[in-house]
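Please build the complete structure, drawing on both the sequences and the hints.
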Amino acid sequence: MLAAGIDVGSGYCKCIILKDKEIVGKMLYPIEGDPLHISKKALIDALNPLQLKIKQVKNIVSTGRNRKKIPINCEERTELICIAKGVHQFFPSVRTIIDIGAITNKAIKINDTGKVMEYVINDKCASGSGMFLELVAKALEMNISELGKRAISSKNPISITNQCSIFAESEVIYLVNEGKDGGDIAAGVCNSIAGQLYSLLKRVLLEKDVALSGGVANNEQIKQNLEERLNFPIKNFPIDPSYIAAYGAALIANEL
Amino acid sequence: MVTYYLGIDIGSLTGKAVIIDEEEKILAQKVIYVKKLPIETVNALLQDVLPKLGIDDIAKVTHCVGTGYGRRKIPLANETISEITCHGTGAHHLLPSIRTVIDIGGQDCKVIRLHENGNLKNFIMNEKCAAGTGRYLEIMAKTMNLTLDELGTISLKAKSPPSLASKCSIYARLEVSQLISDGIKMPALAAAINKAMAERVINLAEKVGLEEDIAVSGGVAKNIGVVTNMERILNVKFKQFPVDPQIIGALGAALIARKAYKKKLEKS
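As you go down the protein sequences, you meet chains A and B in turn.
So that you can map any letter, position 61 of the first sequence is 156 in my numbering, and since no number is skipped, the others follow by simple counting.
So that you can map any letter, position 223 of the second sequence is 234 in my numbering, and since no number is skipped, the others follow by simple counting.
Please keep in mind that the hints were generated in silico from the structure rather than gathered at the bench.
Cβ atoms here follow ideal geometry from the backbone N, Cα and C, with glycine treated the same way.
There may be inaccurate statements among the hints.
[As the list claims (entries may be wrong)] Quick list of in silico lysine-lysine cross-link-like pairs, DSSO-like style, CA-CA up to 30 Å: (1) A:Lys-219 - B:Lys-170; (2) B:Lys-250 - B:Lys-168; (3) A:Lys-275 - B:Lys-46.
[Said to hold, decoys possible] Have a look at the derived ranges for each label pair, beta carbon to beta carbon: (4) A:Lys-148 - B:Lys-218: 56 to 62 Å; (5) B:Gly-194 - A:Asp-115: 42 to 48 Å; (6) A:Lys-275 - B:Asp-67: 34 to 40 Å; (7) A:Val-271 - B:Asp-193: 35 to 41 Å; (8) B:Lys-218 - A:Ile-334: 25 to 31 Å; (9) B:Asp-193 - A:Pro-125: 18 to 24 Å; (10) B:Lys-218 - A:Val-215: 25 to 31 Å; (11) B:Ser-188 - A:Val-271: 51 to 57 Å.
[As the list claims (entries may be wrong)] Partial list, computed: chain A residues near chain B (C-beta under 7 Å): (12) Ser-105; (13) Ile-198; (14) Cys-220; (15) Ala-221; (16) Cys-259; (17) Asn-272.
Written as structure tokens, this is what we have:
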């Protein structure tokens, strides 16, 4: 049986195709402007290599901030439920999740069945979010994965004083103009994001194990810095952590 | 001997220079966008203002005060003074009845309360969040593909502007993009942005209290939409500076330079 999950966020649209609970297809597209057609395109393009059409997929679940804006017949679930479902499937031992979205960070507590028990969302300010990282990467003239690599090899991270994404971007441009090393700036930025994630985590009753989801979780420096603050390791997903919510949505679709 | 007193205000977005004479008359002034490094901004300002006075040598400047975010990177400054003091001094000099100065800069917003004699009474400052600063308007104008001037002028044509839900500049950028694709007209959107900006500034101002007369300085003072909205919220009419509202800090610095030099002479 085929099921699909589509996570239409603020920055990216992610899509997972399951065949009998196994991931057989996936697609990730940036949302430039209109989430409406990009979500359909992501689904079509995820199915294409399998030589399948949308109508052959039995159930589809959409999630994410823009989940209501997709032109496909499907059920909707909140991101919180989908993230919890996806994480729990990989790691039943996880009790606390930090999800880093394009503009919104969340700390989610789940129980031993994967049910959401408590959560804290920062949805007022983009500080420490994916967009924060993207703005800074642009200022450093690096792509996101390059920024991660340069950061991890830095020996002298430069601390970034601004929390506001816009002001941090200016601060980074200033440091570049002063001739500071890009890797050292990148590491400072990653540590700043980890610090903000840690503050968010402290607002829920932290319980082991901990998982980090969302595209920013691919950044090794952020993950390591957060682990140092927590003093224990964070779980590593066997798939790109950008897809966790879409995967959870697909698992829910599979059970419909 | 002819005396020249120089005030330099290096902000996050623009650099300003003002030169006054012994009679506190403005001889030259200049506003430019900042260069990569503060020192480059200072040099560009000097290359503009000094020839206006027919002087070629910086040594002919009697005394210089630096202010603004980049004030510690002005090598020729005899001393550095905070923007708060400089704005207060400049505003009081031009309009002695002013008790509150709202300065909206490129990357901060300050509300300065003054005593009758122009001395600083109290102040509050937002330099933590881009919302409510010039940067917010810059980002919104860019999202709408307008210049900063247009953002002010076209907003006056709006009839019933929507309210923006977001405060954060990044969130507002997404919200505005969405409203554009929903077909909201540009004047209405511009008005919504100016209103949100005005509300944010007044929120900050109310924490320190507002006393009349009130004047607005900084680049955003030139945005008629924001200023009108602030006046409407407070139900007061602001006083207008008789000079470019962007040079108030630099003028204050020049005035302080003159005073400091006099004091030095008296001592020696």
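These are the hints, each one checked on the structure:
1. A:Lys-219 - B:Lys-170: At roughly 28 Å apart (the allowed maximum being 30 Å), Lys-170 (chain B) and Lys-219 (chain A) satisfy the hint.
2. B:Lys-250 - B:Lys-168: Holds, at roughly 24 Å.
3. A:Lys-275 - B:Lys-46: holds (17 Å)
4. A:Lys-148 - B:Lys-218: 56 to 62 Å: holds (59 Å)
5. B:Gly-194 - A:Asp-115: 42 to 48 Å: holds (44 Å)
6. A:Lys-275 - B:Asp-67: 34 to 40 Å: holds (35 Å)
7. A:Val-271 - B:Asp-193: 35 to 41 Å: Roughly 37 Å apart at Cβ, these two residues keep to the hinted range, so it holds.
8. B:Lys-218 - A:Ile-334: 25 to 31 Å: violated (48 Å)
9. B:Asp-193 - A:Pro-125: 18 to 24 Å: Once the Cβ atoms are compared, 21 Å apart, the range 18 to 24 Å for Pro-125 (chain A) and Asp-193 (chain B) holds.
10. B:Lys-218 - A:Val-215: 25 to 31 Å: holds (26 Å)
11. B:Ser-188 - A:Val-271: 51 to 57 Å: violated (27 Å)
12. Ser-105: holds (6 Å)
13. Ile-198: holds (6 Å)
14. Cys-220: holds (5 Å)
15. Ala-221: holds (4 Å)
16. Cys-259: holds (5 Å)
17. Asn-272: holds (4 Å)
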